[in-house]
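Dock chain B against the given chain A, drawing on the hints supplied.
Protein sequences, first through last, are from chains A and B.
Quick note on numbering: the numbering used here labels position 223 of the first sequence as 223, and the sequence is numbered without any gaps.
Quick note on numbering: the numbering used here labels position 298 of the second sequence as 298, and the sequence is numbered without any gaps.
Where hints are given, some of them may not hold.
It does not matter which identical chain is used: a pair holds within one copy or between any two.
[What the hints assert, rightly or not] Listed below are the simulated DMTMM-like cross-link pairs for lysine to aspartate or glutamate, each with C-alpha atoms no more than 20 Å apart in a straight line:
1. Lys612 with Asp209
2. Lys612 with Asp497
3. Lys227 with Asp99
4. Lys472 with Glu88
5. Lys272 with Glu595
6. Lys350 with Asp329
7. Lys259 with Glu271
8. Lys612 with Glu271
9. Lys272 with Asp212
10. Lys459 with Glu481
11. Lys307 with Glu138
12. Lys166 with Glu193
13. Lys347 with Asp250
14. Lys92 with Glu25
15. Lys255 with Glu316
16. Lys249 with Asp346
17. Lys166 with Asp212
18. Lys229 with Glu609
19. Lys227 with Asp168
20. Lys347 with Glu222
Quick caveat, the hints were computed from the structure, so don't treat them as lab data.
From a predicted model like this one, the values you see are computed outputs, not experimental measurements.
Protein chains: 2
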Amino acid sequence: MTTSLATLKNLATQLRIDSVRSTSEAGSGHPTTCLSAAEIMSTLFYAEMCYDPRNPQNPDNDRFVLSKGHAAPILYAAWAEAGLFPREELLKLRRIDSDLEGHPTPRLPFVDVATGSLGQGICAAIGTSLNARRIGSEYRTYVLLGDGEMAEGSVWEAADMGVYHKLDNLCAVIDVNALGQSQHTQFGHNMDEIAARWNAFEWHTIVVDGHDVQALLNAYAEARATKGKPTMVLARTIKGKGLAAIEGKDGWHGKALKKGEEADKAIAELEKQMVAGAGKPEIAGPRSKGRPEASADYGKMAVPPYKLGDQVATREAWGVALAAVGAADPRVVALDADVKNSTFSDKFEKVAPGRFFENFIAEQVMVGASIGLAARGAIPFPSTFACFLTRATDFIRMGAISFANVKFTGSHAGISIGEDGPSQMALEDLSMMRSVHGCAVLYPSDAVSTHRLVIEMAKHKGMAYMRTSRPKTPVIYGPDEAFPIGGSKVVRQGRNDKAAIVGAGVTLFEALKAYDLLKGEGIEVRVIDAYSLEPIDARTMIEAGRATGGVIITVEDHYPAGGIGDAVSQAVAPAGYTVRRLAVTEIPRSGQPDELLERYGISAHHIVEAVKQAVTQTPSRV
Amino acid sequence: MTTSLATLKNLATQLRIDSVRSTSEAGSGHPTTCLSAAEIMSTLFYAEMCYDPRNPQNPDNDRFVLSKGHAAPILYAAWAEAGLFPREELLKLRRIDSDLEGHPTPRLPFVDVATGSLGQGICAAIGTSLNARRIGSEYRTYVLLGDGEMAEGSVWEAADMGVYHKLDNLCAVIDVNALGQSQHTQFGHNMDEIAARWNAFEWHTIVVDGHDVQALLNAYAEARATKGKPTMVLARTIKGKGLAAIEGKDGWHGKALKKGEEADKAIAELEKQMVAGAGKPEIAGPRSKGRPEASADYGKMAVPPYKLGDQVATREAWGVALAAVGAADPRVVALDADVKNSTFSDKFEKVAPGRFFENFIAEQVMVGASIGLAARGAIPFPSTFACFLTRATDFIRMGAISFANVKFTGSHAGISIGEDGPSQMALEDLSMMRSVHGCAVLYPSDAVSTHRLVIEMAKHKGMAYMRTSRPKTPVIYGPDEAFPIGGSKVVRQGRNDKAAIVGAGVTLFEALKAYDLLKGEGIEVRVIDAYSLEPIDARTMIEAGRATGGVIITVEDHYPAGGIGDAVSQAVAPAGYTVRRLAVTEIPRSGQPDELLERYGISAHHIVEAVKQAVTQTPSRV
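One chain only, chain A, in its complex shape (with noise of 0.2 Å):
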């Protein structure tokens, strides 16, 4: 360390001043959480990170994640501070025409995650720790969150994963100002409360007064000294530090000071505070050099291992293309939630036992962990059932708006499940992730498209989904054949279709059953695999209007709201046409997969009844 401590206060007190002014100037934001925070950001910024402040991207360099997001103004202070951009641009936060937003998004260089939501920050740091490991770097990473965050089931599972996976190259550090938005926190300032919820969660802990410096440095080099498991520094704060008039007080959380007056004496308040003998930070460079990242050799592998009429469940496909990819490319990571011989991502942790996490049964962690490793070059694939994937939503969303390649896998969607019963049928997972913006949609069939889909995914730039099922469907489609994003099969077509029928996974099996039901009865109609709902082939939906006159009839295993009725709904709407939607609009039972596709409307005998009511009455303005 050669800041030194005076240095070190000064650079605290200059953090308060600029979140002061520039919260001041947007007129919100949230500087009393900035102030509490000033000394852990100042010792972490320039006296224990190692990192080059002039290339935040550098993948050696120690990361830093603001975990309680709202504390925007400082994490852009302390950047401004190390040197990567002027001081002035602090004076924009908040505007349509700068990138320091109200909570931090990676549109900035030197942040990986975007924050906000709380509880999200630490899962985040887990996937940085853990990738450190897998390009070989010392980096450490350094989170920090609020105390209000404790309350967040998500925080512990991440407690859980850190030791799980022994990562002591990450410290957490909890800004404890023992007030939350709304009023005290839970446990306010009992330090030994919350430290024993830490101890007994098996980290190192460490309780500090959150503005001694020296005390916070000797925290993080105890940190550095301890082997095999994480660290957390409970750092005891008081919210509003520096400004006596509001200190410790409610009703100041997220309420910035008034430009002019009231600011301006703030600013002349902490001015004050300033001492001598300050001098600047030096900031040492990354601790290390890792691997350079491998190169993936995708071209090599083998055509999908199947042939025509195999009977392969999609989600077993998957598991071995998941395999197959991993091997194919290093970066590529699997994450699962203790359900790994169910949804096949086994397949892969044989594989490559290095690059699989397991995370028991804790989606929230697996997500959010999967967006820290993805900000960092990995191509993450956590996968559970798909209806378990609804208690990460959260997470899906900020991973969004972290513009986070992450690959997410949803298995045993559907009433096709069967005796299980509705707690583990996801009806509504397509809906969940064609409201993710940017997100890719995927819906394979066979074992076939289910494995290009996935070589697909892994080369996709951004967020993508697929949806596996359980029962197991005869393989449809050559092993040479191509299934891009964006692109759909016309599987069944004749001369004279008097309807469209489009399905996916289980559904596109009984369209082929209605169409050999039709074609025995002398009505020809055109089938439809929609394998990629977001983006979907337009252009083939409205060329199936105009071949039927526009009698497009959709049918999926999925509630009637935001799947692929809406999908194509959406996308046929331009050319004038409507669609006819077979979905399942009841909460289902438990019961034999067949007796439940007929029962709740979606087994071939009811496609067959709606082309038929559809024939005889065509789409009219009424």
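Here is chain B on its own, set in the frame of chain A:
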């Protein structure tokens, strides 16, 4: 306690036999997780719990929540043994013609909440425990968890709330059988490690041998004697207990013994474990009689306290209405996640502090407890920022399977919140809630409609969601105007409408501005307030299509998927109409609300452009 130890041992064995037999008959299910819990179940059901086995819905019965829902067969066996239904029914397990589903749902009268998504039952148990206080009953709540569930963060959210609310009427039991689905749990049989966590979270914690009936009885008695905090009984057990060949063996999760020789041999092995001297169980009735549920008196509620032109944010009008509804209906309770001063649920807290439950920043337990409260007759209104409701998506999904009478509110929806940035902007909440089966989705624009709709929500049987906005908007409806769920309002209409603009919330006011601008240019348009999106007023939407030659334009502060565009589109499709959509199509950024509406294409200006484009080019079949 009048049931003898020998009887409890034999009943445990009988529950084992029934669990093996029913899963073998079904050909699927989780017998080994039932076997580990047999003594826990027999001691709870036949010695500890006080209830009327002939009337599971008696409001003063002790409650039992099976958080480890996959142990459903032993729950069903326990109720059959208690005399609620004939044991032969158990052989219908998982059949489509039986309510004995793979995981429990409230289709069964003895199930309060659907389980099967782990870590949720204990949150519901917080709710049933709070409810006992609400109705002044001494009933106790017992909840059985699996040890794998401790990985779910929601369990620790529940742990905090149990202590914060001093729920000494709550006794949880964890069946520590050390095996998860795909491998050993994180902590195996290390009871000290597990106990340390619960002690640190300040529960009264007792470790017992989970196959020792006397030890279990002692633990429950100790729990009853413990005041001011809930009790956690950590029961060390063996998965598959009773069947020597599979006891403690991996690879037996979710696997039924094969009907025939394998199952018969197992049953014979269990039958040999029957002990001599056992009699019949004696089950004690309810501990006390609580207050009868008080009835509501909505008739006396005043008209909404607003006059035309008043500037009131719908979030604030929601808070005012919630407080009024709370005064009129003693069943109404409100739950917050540390944002009550932003959502305005603090207005309810002021008038009914005893029915207001703070959850700090823990959305999962807030929703889970709401589902538990609703199961026992309360009408819960959980609320937070709409974007943070996504933290509890899986709980809301399970709430729908529970047919829960819960009224969700999400505030600060959309980009119109302004400077806080994308992490705080719900742009997928309408999609999320529209895909919740049976949930009414409401989105008022002004204070009067908000007030009326809060009353409608409270009276509505089933789930409902209201989206409120941050900015102040003018009151446009008179205080006597009615707003039935499923309705809409035509707020502007001409003789020769060229287009219909459908908006809600802030976009309704953009539509009204567009109306004025277009009128100035001689173009008449219809403006519709779609305050109810699910169900939607299809008749009015189709009528608008008919009046305008099919020019319907939706405009929403939401992503394109799953919101107003999809809702209207689906409603008008049967009449052959399609919809043009204005929605947010990028990840937004911080800025001022008006700047953002303009930048992301949902301002009056964009509506005017869309109308002009549409009227010169009506959709046609291409």
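Now for the hints, and whether the structure bears them out:
no.: 1; hint: Lys612 with Asp209; in the structure: neither (76 Å within a copy, 64 Å between copies)
no.: 2; hint: Lys612 with Asp497; in the structure: within (12 Å within a copy, 37 Å between copies)
no.: 3; hint: Lys227 with Asp99; in the structure: neither (38 Å within a copy, 53 Å between copies)
no.: 4; hint: Lys472 with Glu88; in the structure: neither (62 Å within a copy, 33 Å between copies)
no.: 5; hint: Lys272 with Glu595; in the structure: neither (77 Å within a copy, 39 Å between copies)
no.: 6; hint: Lys350 with Asp329; in the structure: within (15 Å within a copy, 58 Å between copies)
no.: 7; hint: Lys259 with Glu271; in the structure: within (17 Å within a copy, 81 Å between copies)
no.: 8; hint: Lys612 with Glu271; in the structure: neither (80 Å within a copy, 57 Å between copies)
no.: 9; hint: Lys272 with Asp212; in the structure: within (18 Å within a copy, 68 Å between copies)
no.: 10; hint: Lys459 with Glu481; in the structure: within (17 Å within a copy, 55 Å between copies)
no.: 11; hint: Lys307 with Glu138; in the structure: neither (47 Å within a copy, 65 Å between copies)
no.: 12; hint: Lys166 with Glu193; in the structure: between (24 Å within a copy, 16 Å between copies)
no.: 13; hint: Lys347 with Asp250; in the structure: between (53 Å within a copy, 18 Å between copies)
no.: 14; hint: Lys92 with Glu25; in the structure: within (8 Å within a copy, 69 Å between copies)
no.: 15; hint: Lys255 with Glu316; in the structure: between (53 Å within a copy, 18 Å between copies)
no.: 16; hint: Lys249 with Asp346; in the structure: between (52 Å within a copy, 19 Å between copies)
no.: 17; hint: Lys166 with Asp212; in the structure: neither (29 Å within a copy, 36 Å between copies)
no.: 18; hint: Lys229 with Glu609; in the structure: neither (62 Å within a copy, 59 Å between copies)
no.: 19; hint: Lys227 with Asp168; in the structure: within (5 Å within a copy, 40 Å between copies)
no.: 20; hint: Lys347 with Glu222; in the structure: neither (40 Å within a copy, 47 Å between copies)
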